[in-house]
Amino acid sequence: MSASGRGLTGRGGVPDCTVPAAGSAAAGDVTSNEGTGVAVAGERRSAGGFEGAGGGPHGEVDSGASAGRGGWDGRAADVVEALCEVAHEVGPSARDADRGRGDDDWPVRAPAVRSHVSRSPDASGDAPGGVRDVEGAPERVPEGDTAAAVEADGTQHAAASGERTSEEARGDQESEKREPAGSAARSGTVAPRRGAVDPVKALMHRHSALCGRAVDPLEIAAGLEAQGMTDRTAARYRHRDVFSLAEEMYARVPRGAEAEHTGTATPGAGPSAPPGWPAVALVPGAVCALGVVAVRLTHGQARIAAVLVAALALAAALRAVLRYGPLRAHGRTAPAARAWTCWLLGYALLGDGLLTGVQGGGPHGPWPLHTATVLGLALAVAPAAGCARLFAVRAARRLALSRGLDEFAAAVRPLLAAVFGLFLCLLCGLLLISGELLGKADGLIQGAALGGALLLARLLTVHGFPDSASRVLGAACAAEALALAAVFAGRLPGCEALARPVDLLTESWGAGAVPVLACGAAAVVLFAHALRRLARASAHAGAEAIR
Amino acid sequence: MAAPQEEIGDVLVRIGLLTESGYPYVTGEARLWCDRLVRGLEVYEFDIFALSRSAHQEDQGWVELPPQVHRVRTAPLWTAEGEPGELSRRGRKRFRTHFADLAAAVCGDGERQADRFSSALRGLVELARDEGPLTGALRSESAVRELERACRAPGARRAAHHARVPDLLAVADLIERTLRPLSLDWYEEVEGGLGAVDLCHATSGGSAALPGLVAKQLHGVPLLVTEYGVQLRAHYLGADTEALSAPARSLLAAFQGRLAAEVYREAEVITPGNTHVRRWQEKCGADRDKLRTVYPGMADERFAVVGEFATLGEEAAADAGTLVWVGRIEPAKDLVGLLHAFAEVRKEAPGTRLRLIGTPAEGDEAAAYLAQCRALAAQLFPDEAEGAHAVGDNPVSFEEIGGPEIPELADAYAAGDVVVMSSVVEGFPVGLVEAMLCGRATVSTDVGAVVEAIGGTGLVVPPRNPRALADACLALLGDPTRRWRLGAAARARALELFTVEQNIAAFHSIYLEIVSHCPVHREAYDADGEPLLFAHPAETHVPGRPTAAGAGGRWLAAAGGGRSEGPSWADADAEAAVDGPSDAQQEPALVISAAVAHGAPADREQALAVGSGPAPGEPER
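Sequence lines, in order, name chains A and B.
Start counting the first sequence at 1; every next residue gets the next number (our numbering).
Start counting the second sequence at 1001; every next residue gets the next number (our numbering).
It is worth saying that the hints were derived from the structure and are not from the lab.
Backbone N, C-alpha and C fix where the C-beta goes; we use that ideal spot for every residue, glycine too.
Don't take each hint at face value.
Some, not all, of what chain A presents toward chain B, calculated at C-beta under 8 Å [what the hints assert, rightly or not]:
1. V215
2. D216
3. L218
4. E219
5. A226
6. Q227
7. R389
8. L399
9. R403
10. G404
11. L405
12. C425
13. R536
14. S538
15. A541
Could you build all of it, start to finish, from the sequences and the hints given here?
Right, here's the structure in full:
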């Protein structure tokens, strides 16, 4: 019985009924390369991730009862006992019959001894979710394969519940011969075979990607059918139809790894912007600078022409920026917002001079233009685009990392404030520079308020709230227009009182106070609004979905 | 528009045909079937309500419409129509309530959630009717917030707990897309609205059936759902959810599942295209009493000549057999296996030829596969010639339809003694049915709906088993009489089950049954627009047949109870109950089920894989 002895050593130290540590990635890998020999099993053991829940890394399986100590739950142990009973009923004769033949076949068989280590959901061993295989799972022999397939046995599908397994065992006494692992090891077996011992497990291995990503049994069923599985094929796995096979497979997928997988979120790259947008964003500043130079160099009729041409060129450049790059609004836009913006910019250019002129009884001829403010604002288009991009990217990243809507809102509000503050700093710097260059440094606050309001309005439009942005800008326009109208109305006899508030304002703060108040108020309202609206996750979803 | 040629009873029966990305668009999916249906059923008036999937599809235009198509209304599903209107304050509150229910039903597990989903959907339908489009509300933050709350609630499914903000957004977005039909303006009860039709026929599940649900709820219009492929299954296999995370996919799958169940629940009758679809529908919760399998119809005229003249003498005269394979060349067809099987055949029957007739499918993979098959064929089978001075030829030939030898499809089937099908994946095997119509004996693999289509009129072997395939081919090649008998039986079966006529006849009678049993009760108005009292006699409110089975007086319960005198259309449930061809003769449509059960003329030809899985590798018992 030397061959038999070899069989014993070959099968000794069965690394079964071990429960890998929950969620251990190493354990996850173990099953996927199904071992073909004891050597492999040894390797695996040294690879770690083999912590048995109850009884050490690997329990020797001499009988089902001892297997029960090795980390199985009581139900599984019952099943093993049931199996043993069945096997004892069937066993002896089959074993005897096989022993004679088995001796010859041992050299062939020995390398094919398999050790199965299966993953189970977690160390606590929740029975419906996992399977524990002991050496040589109950061979599910295809019917045609009747070549006296006596297989070392001792595994069961905890997933398929003890009842089922024992039922099966009884039902299949004729076609399958089962033996407890220990006695099988002594008896030795033949039947060279290609498949794994547990066909469902082999199937799961083959479709591991499908099983891994499936969210419910029907998805596995759909995937299996798409690869040619039919109810007839499922019958080979002892299932009535593909659905019940899929249910078993779904139940047997280890879940520990999945939770870990979903636990890490990968921040996306954020919404994509078209290439070259920074260059486009610089165009308005350049156009405006050229226009200012042209206006400075020309006089009379030519100056008016230069102003008109520069205004048209600037409008075209602004339009390009709003259509290309981070300031582009993918959803709806409010057409009125365009008119309000033009009015506000026009007032920044002309308004102060006009107001002063009107208050002085004029205007007497052409009044001075506030080119410094407009130049500063035009130069600030590029930082505005940059800030919008920064906000979109950062918000998208926050979105990907957030677990809840409140968490996201709490993260986005400071981001918005920081981005807005950054823009205001840049804007002030540019306004100062342009003021220095053009020799007029009085439009700083006015320009900052207007620029801030415009950026916030655009951000709101970009993220899907064009109406409110448009309304606030409209209100600012109305305030400025009202101031001018009040001053004009003050000239009417008996209506001097109408012009009093504006006169008081300009006396104490200068003509720039009107736009500062109007735009500043608009900016504050818009900022409060943006803090509320842009902190919503849905504001960032639409843009991402469309892009 | 031309008036319908005929009226049924005294009333004009108007069918609302609901399609999604299908008829009447030129690029539509099931347009051929719908076109045949509409043309074949002249006695009805059709209003077509089509949802389009892309701008490209809309640009491609429509197919030519027959006169019985009264009106076509289209709506895009790919873009939200118009401005998202704001709901009133009360409307927003209602929306939150209903959407919270919907989200809870999607996130939760258990039986009761189906009812919850149903009532939430009904609430949304009513809200859309009262307040206009829901698009804005479905995209709003409150929808996402309700979804989040449902995910975090105790009792929510496990995957939902792990949902992150991007998952919530993705789910809310896809729910909004799916529910877009709720916001359409199709549902008035005036001429041209869905409220004015007598029957809604949805040509697929999912979004296409949603307008039917709304019409049923608002106006009591009965709904008929036809599915040739299951939407839920397509959703699982679809690529559009591939990039999403597990929680998002889990929630979406749950949503689609609930929606499918709701559609099946509300439908009066569901007609799956084959047993495979039927199984899925049952799995998704369709009531078995409502399911009537209606096989797709195929134009049989072009195969008539080949089929009629397939005689025993002609075939017996052929000395060396020819195997023919027809189809699109792609990996799922397992031509490699076929070539290996043919190698086995050649060992036993040298001189046999194999003709592979078809075109490579689009894509690099298919082209590479074709090249691989050609290389394998050249490797396995050296060229051979008749004599020392003749030019040799390979026993395996790759051909295309349209060449001088095979001008048409029917000639492709006529070219062979045995038609082989070696697919490992197959839906409804169109090629196999064509071969059957041509009266050819077939050997096919047991995949998809093959066994169901072939019945007992051809040999079926397990997939990926060249040995079994070869054995089956050899058995047929060596027995011309059996071949002829099988071919004749196959043609008879195909003519019985898979013709356009049977398809149209089945739908005709289903329409009649539904319209007669579930009439739409509409208020009648006189010329001044005043409601007309007693316009409908009280009898019209009594269900069509007095039912003992209760169930709210549903006629279907009655139909299920008295199956022997049951509805005259195809009823695969009745397979066992129908006991012979004599019944089938009397009730033409019952032939379908009768033939399924008894369609095997030769008992010995029982398909291998029918029943409880015989041994693989054994072609026949």
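Going down the list of hints, with the structure as the test:
1. V215: holds, 4 Å
2. D216: holds, 6 Å
3. L218: Check passed: Cβ of A/L218 comes within 7 Å of chain B, closer than 8 Å.
4. E219: holds, 5 Å
5. A226: holds, 6 Å
6. Q227: Check passed: Cβ of A/Q227 comes within 6 Å of chain B, closer than 8 Å.
7. R389: violated, 20 Å
8. L399: Because about 5 Å separates A/L399 from the closest Cβ in chain B, which is inside the 8 Å limit, the hint holds.
9. R403: holds, 6 Å
10. G404: holds, 6 Å
11. L405: holds, 5 Å
12. C425: violated, 30 Å
13. R536: Where the cut-off is 8 Å and the nearest Cβ of chain B is about 4 Å from A/R536, the hint holds.
14. S538: Since chain B brings a Cβ to about 5 Å from A/S538, closer than 8 Å, the hint holds.
15. A541: holds, 4 Å
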